[in-house]
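Peer 1: Given next are the chains, with one letter for each unit.
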Amino acid sequence: MAGFYKVVNSYDEALQGLTHNMTVMVGGFGLCGIPEGLIKKIYDLGIGGLTCISNNAGVDGFGLGILLEKNQIKTMIASYVGENALFEKQFLSGEMEVKLTPQGTLAEKIRAGGAGIPAFFTPTGYGTVVAEGKETREYNGKHYVLEESFTADFSLVKAWKADTMGNLIYRETARNFNPMIATAGKITVAEVEEIVEPGELDPNFIHTPGIYVDRVIKGTFEKRIEQRTIKTI
Amino acid sequence: MAGFYKVVNSYDEALQGLTHNMTVMVGGFGLCGIPEGLIKKIYDLGIGGLTCISNNAGVDGFGLGILLEKNQIKTMIASYVGENALFEKQFLSGEMEVKLTPQGTLAEKIRAGGAGIPAFFTPTGYGTVVAEGKETREYNGKHYVLEESFTADFSLVKAWKADTMGNLIYRETARNFNPMIATAGKITVAEVEEIVEPGELDPNFIHTPGIYVDRVIKGTFEKRIEQRTIKTI
Amino acid sequence: MALSREQIAQRISQELKDGYYVNLGIGIPTLVANYVPKGMDVLFQSENGLLGMGEFPTEETIDPDLINAGKQTVTAVTGASYFSSAESFAMIRGGHIDLTVLGAFEVDQKGNIASWMIPGKLVKGMGGAMDLVASARNIIVAMAHANKQGESKILKSCNLPLTGVHCVRKVVTDLAVLELREGAFHLLERAPGVSVEDIKKLTEADLYIPEHVPEMAF
Amino acid sequence: MALSREQIAQRISQELKDGYYVNLGIGIPTLVANYVPKGMDVLFQSENGLLGMGEFPTEETIDPDLINAGKQTVTAVTGASYFSSAESFAMIRGGHIDLTVLGAFEVDQKGNIASWMIPGKLVKGMGGAMDLVASARNIIVAMAHANKQGESKILKSCNLPLTGVHCVRKVVTDLAVLELREGAFHLLERAPGVSVEDIKKLTEADLYIPEHVPEMAF
Numbered sequence: 001m002a003g004f005y006k007v008v009n010s011y012d013e014a015l016q017g018l019t020h021n022m023t024v025m026v027g028g029f030g031l032c033g034i035p036e037g038l039i040k041k042i043y044d045l046g047i048g049g050l051t052c053i054s055n056n057a058g059v060d061g062f063g064l065g066i067l068l069e070k071n072q073i074k075t076m077i078a079s080y081v082g083e084n085a086l087f088e089k090q091f092l093s094g095e096m097e098v099k100l101t102p103q104g105t106l107a108e109k110i111r112a113g114g115a116g117i118p119a120f121f122t123p124t125g126y127g128t129v130v131a132e133g134k135e136t137r138e139y140n141g142k143h144y145v146l147e148e149s150f151t152a153d154f155s156l157v158k159a160w161k162a163d164t165m166g167n168l169i170y171r172e173t174a175r176n177f178n179p180m181i182a183t184a185g186k187i188t189v190a191e192v193e194e195i196v197e198p199g200e201l202d203p204n205f206i207h208t209p210g211i212y213v214d215r216v217i218k219g220t221f222e223k224r225i226e227q228r229t230i231k232t233i
Numbered sequence: 001m002a003g004f005y006k007v008v009n010s011y012d013e014a015l016q017g018l019t020h021n022m023t024v025m026v027g028g029f030g031l032c033g034i035p036e037g038l039i040k041k042i043y044d045l046g047i048g049g050l051t052c053i054s055n056n057a058g059v060d061g062f063g064l065g066i067l068l069e070k071n072q073i074k075t076m077i078a079s080y081v082g083e084n085a086l087f088e089k090q091f092l093s094g095e096m097e098v099k100l101t102p103q104g105t106l107a108e109k110i111r112a113g114g115a116g117i118p119a120f121f122t123p124t125g126y127g128t129v130v131a132e133g134k135e136t137r138e139y140n141g142k143h144y145v146l147e148e149s150f151t152a153d154f155s156l157v158k159a160w161k162a163d164t165m166g167n168l169i170y171r172e173t174a175r176n177f178n179p180m181i182a183t184a185g186k187i188t189v190a191e192v193e194e195i196v197e198p199g200e201l202d203p204n205f206i207h208t209p210g211i212y213v214d215r216v217i218k219g220t221f222e223k224r225i226e227q228r229t230i231k232t233i
Numbered sequence: 001m002a003l004s005r006e007q008i009a010q011r012i013s014q015e016l017k018d019g020y021y022v023n024l025g026i027g028i029p030t031l032v033a034n035y036v037p038k039g040m041d042v043l044f045q046s047e048n049g050l051l052g053m054g055e056f057p058t059e060e061t062i063d064p065d066l067i068n069a070g071k072q073t074v075t076a077v078t079g080a081s082y083f084s085s086a087e088s089f090a091m092i093r094g095g096h097i098d099l100t101v102l103g104a105f106e107v108d109q110k111g112n113i114a115s116w117m118i119p120g121k122l123v124k125g126m127g128g129a130m131d132l133v134a135s136a137r138n139i140i141v142a143m144a145h146a147n148k149q150g151e152s153k154i155l156k157s158c159n160l161p162l163t164g165v166h167c168v169r170k171v172v173t174d175l176a177v178l179e180l181r182e183g184a185f186h187l188l189e190r191a192p193g194v195s196v197e198d199i200k201k202l203t204e205a206d207l208y209i210p211e212h213v214p215e216m217a218f
Numbered sequence: 001m002a003l004s005r006e007q008i009a010q011r012i013s014q015e016l017k018d019g020y021y022v023n024l025g026i027g028i029p030t031l032v033a034n035y036v037p038k039g040m041d042v043l044f045q046s047e048n049g050l051l052g053m054g055e056f057p058t059e060e061t062i063d064p065d066l067i068n069a070g071k072q073t074v075t076a077v078t079g080a081s082y083f084s085s086a087e088s089f090a091m092i093r094g095g096h097i098d099l100t101v102l103g104a105f106e107v108d109q110k111g112n113i114a115s116w117m118i119p120g121k122l123v124k125g126m127g128g129a130m131d132l133v134a135s136a137r138n139i140i141v142a143m144a145h146a147n148k149q150g151e152s153k154i155l156k157s158c159n160l161p162l163t164g165v166h167c168v169r170k171v172v173t174d175l176a177v178l179e180l181r182e183g184a185f186h187l188l189e190r191a192p193g194v195s196v197e198d199i200k201k202l203t204e205a206d207l208y209i210p211e212h213v214p215e216m217a218f
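Residue numbers (this note's numbering), protein chains in the order written: chain A, 1 to 233; chain B, 1 to 233; chain C, 1 to 218; chain D, 1 to 218.
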């Protein structure tokens with residue numbers, strides 16, 4: 001299917017159109033399931049002023065952490081950050097704005113963005129700083145906060161396998177935020193471990209249908225482990 | 001896992017606790033992917049006054065259509081109905097109340113119910129009768145309608161395979177409304193074609209995690225076809 | 001001469017582009033799938049949960065678990081995927097479908113469409129039509145230009161209950177191709193042998209007629 | 001004597017029931033998994049997208065694609081499932097988790113909990129804690145009864161920024177098991193060798209003391 005052949009052969013092609021001050025969503029939970037090569041390419045290109053939406057912000061020298069070295073992130077939207085010294089420094093100095101968002105609200109805001117839902121009520125954060133300035137409402141005696149959805153100029157995800165038409169499957173907990181992020185970008189790029197021919201992925205078990213994916217690139221992954229824990233017998 | 005063994009051996013057990021005037025969600029699209037035996041059992045039990053949430057209402061003598069024979073449905077919430085004469089009669093005579101809901105809004109209301117979202121904004125139905133009496137709001141120049149979520153006393157779904165812990169997978173377009181409905185019932189019963197041992201379903205490709213499913217029963221399915229269309233060469 | 005249903009579908013197929021994801025409504029729109037230009041790849045979405053709908057099955061391959069939104073047995077093409085109705089309408093509502101083709105009873109010059117309900121007749125429901133028209137980036141309506149009594153269905157303002165507002169962009173009827181621009185239907189093409197005067201007569205809406213209105217080419 | 005972290009976890013494990021789906025927070029709550037009573041089956045949910053979290057892996061089975069919400073490498077039990085973060089929090093927010101155990105800096109008699117932010121210190125974020133406390137049907141807080149300066153952390157009203165309101169039901173500290181009923185903490189059990197007086201002294205909140213307060217049994 002020529003019109004649906006989405007494989008690109010270079011990171012330059014993969015990120016074509018990404019420019020300063022754009023909003024970029026990046027999949028992954030900690031260092032698990034992150035599009036390593038695409039992040040590295042943003043670093044190499046030196047694109048700055050980015051608003052970055054991702055559950056975490058990497059560690060010193062790996063993942064989104066490398067973008068801090070050149071101050072490429074202007075605003076970081078995440079649920080949990082500060083696993084690295086550089087982040088802490090830029091956060092405290094005010095060089096970078098950080099908008100903390102509860103993890104489930106973050107996931108749902110991204111899912112809503114991709115699904116054409118501009119806003120929804122959630123119980124999360126009611127009565128806390130998260131609800132400040134936001135509309136609240138009671139349903140059946142419980143209180144809810146109105147949250148608006150997120151979309152992005154570019155969505156960068158990491159998948160296990162893709163076919164050339166952009167259908168994706170993820171592996172284990174490396175799935176995390178990737179499926180929703182894949183739906184919420186004007187341009188969605190998937191960096192994957194393996195690219196197969198259409199028909200090789202079972203249509204019954206595709207996690208992200210190709211309609212959401214604009215470009216597919218085969219990456220190589222270090223898969224660095226953040227907390228190496230081993231059973232002690 | 002004793003505590004997670006959810007298989008029941010009779011339809012009586014499967015529907016235990018279902019009583020008159022309850023709200024019941026039923027999976028399926030037309031006659032595709034419907035819990036045939038569970039519907040039949042409601043008919044046999046003669047439970048009435050039901051509020052039934054399902055995309056369609058079956059045909060004469062099959063699917064939800066059989067519940068009309070004994071006037072068991074008081075209120076029908078669906079996106080498309082009237083494929084059967086009995087439905088038409090009860091609808092027009094006012095014996096049954098019918099609340100038509102756009103298909104995507106119906107799917108999202110059920111998904112929201114299971115996901116703890118009491119209400120959301122959707123563009124669907126703005127400017128039509130569907131939006132009458134509902135709050136509307138503008139986001140980025142586009143108009144949206146506030147829709148509230150659905151939950152049910154019982155959710156009845158049809159799956160292809162279950163393991164004994166209630167993990168489910170669906171097959172092809174027989175998936176349709178079943179996954180959301182599985183999440184939105186106080187008690188969720190899955191009628192399936194095959195029951196396997198835990199571990200036999202790939203954990204990477206489970207459509208409905210067992211946490212949503214309370215009871216599993218092995219059914220036998222006629223799988224009646226509504227519109228038999230064959231290629232004419 | 002007025003176009004047949006097949007010819008309307010054939011004309012609409014000229015609006016397809018390589019790599020388009022397309023949702024076709026029931027009726028004439030379904031026929032568009034038969035006229036995909038050679039060498040062009042298009043994927044059809046069926047809102048019950050299938051991306052990559054193929055042709056009807058044979059007696060041997062018929063499968064009750066595999067139907068389209070019209071509840072007809074179908075097949076799936078290579079590279080297809082199945083998903084839930086919630087995911088399907090997330091796809092639709094999120095604006096991921098490139099082109100939606102659907103039928104209508106009436107359209108008007110405000111871009112409104114009425115396609116689901118005729119007061120006094122049995123109401124079967126809107127199915128997915130309201131979601132599709134509220135969400136699609138690009139909607140083409142396939143319909144008859146007038147009813148059997150010769151009354152226009154291309155109106156200043158719809159009479160029937162609406163399916164959606166401000167959403168119609170292009171209309172292909174048995175007589176003409178119309179595009180809605182700034183509150184008026186622009187007459188882009190006419191059916192072979194049908195005169196501009198014929199079309200004017202059967203169009204209640206404001207109609208902008210360019211100097212040259214070519215005949216449709218097939 | 002005050003309980004150790006392990007003993008707090010052990011006491012909380014008595015609240016488990018066969019067939020429970022449980023989410024354990026970071027710290028003491030994680031240890032609860034080590035004390036599941038024999039013959040009882042419990043499934044642990046990890047909010048990054050795993051239902052059925054198992055023990056830590058061996059050097060041979062370690063897998064960077066398989067971590068828990070604390071970013072530690074883990075394993076999955078038989079019958080586990082993986083899903084997206086949106087699905088995971090749908091599960092949490094929708095009230096499908098039977099029991100949530102999490103740590104806290106402070107709790108108060110209105111059922112409020114503060115666990116994510118200390119002004120003046122670096123704020124790392126709330127992660128999934130706000131979703132968990134806003135949604136769980138059944139929340140147990142595992143925490144120290146007082147800080148090192150002997151100041152109570154069981155308060156009339158939390159001082160720190162809140163994680164959630166009106167959500168705490170039960171608190172297990174190094175000194176006591178408390179249950180919140182009608183605006184007061186009821187002292188259900190005391191740690192072995194700890195007197196009711198000791199607990200009263202270190203509890204700022206309104207404390208209801210029944211006639212008989214048994215020692216915890218392990």
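These are calculated hints, taken from the structure and not from any lab test.
Treat the numbers as computed from the prediction; the structure is a model and nothing was measured.
Where hints are given, some of them may not hold.
Unchecked claim - To be clear about the criterion: a stretch of chain C counts as covered by chain B if any three or more of its residues have a C-beta under 8 Å from a C-beta of chain B, and this derived list gives those stretches: (1) 47–54; (2) 147–157.
Stated by the list, open to error - 27 Å max Cα-Cα, derived DSS-like pairs, lysine-lysine: (3) A/K142 <-> B/K223; (4) C/K124 <-> B/K223; (5) A/K70 <-> D/K121; (6) A/K89 <-> D/K110; (7) C/K124 <-> B/K89; (8) A/K134 <-> D/K201; (9) D/K148 <-> A/K134; (10) C/K121 <-> B/K89; (11) C/K124 <-> B/K74; (12) C/K17 <-> B/K99; (13) A/K134 <-> B/K74; (14) D/K121 <-> A/K142; (15) D/K17 <-> A/K99; (16) C/K38 <-> B/K99.
All C-beta atoms, glycine included, are put in the ideal place defined by N, C-alpha and C.
Peer 1: So which of the earlier hints does this model not fit?
Peer 2: Of the numbered hints, 2, 3, 6, 8, 9, 12, 13, 14, 15 and 16 do not hold.
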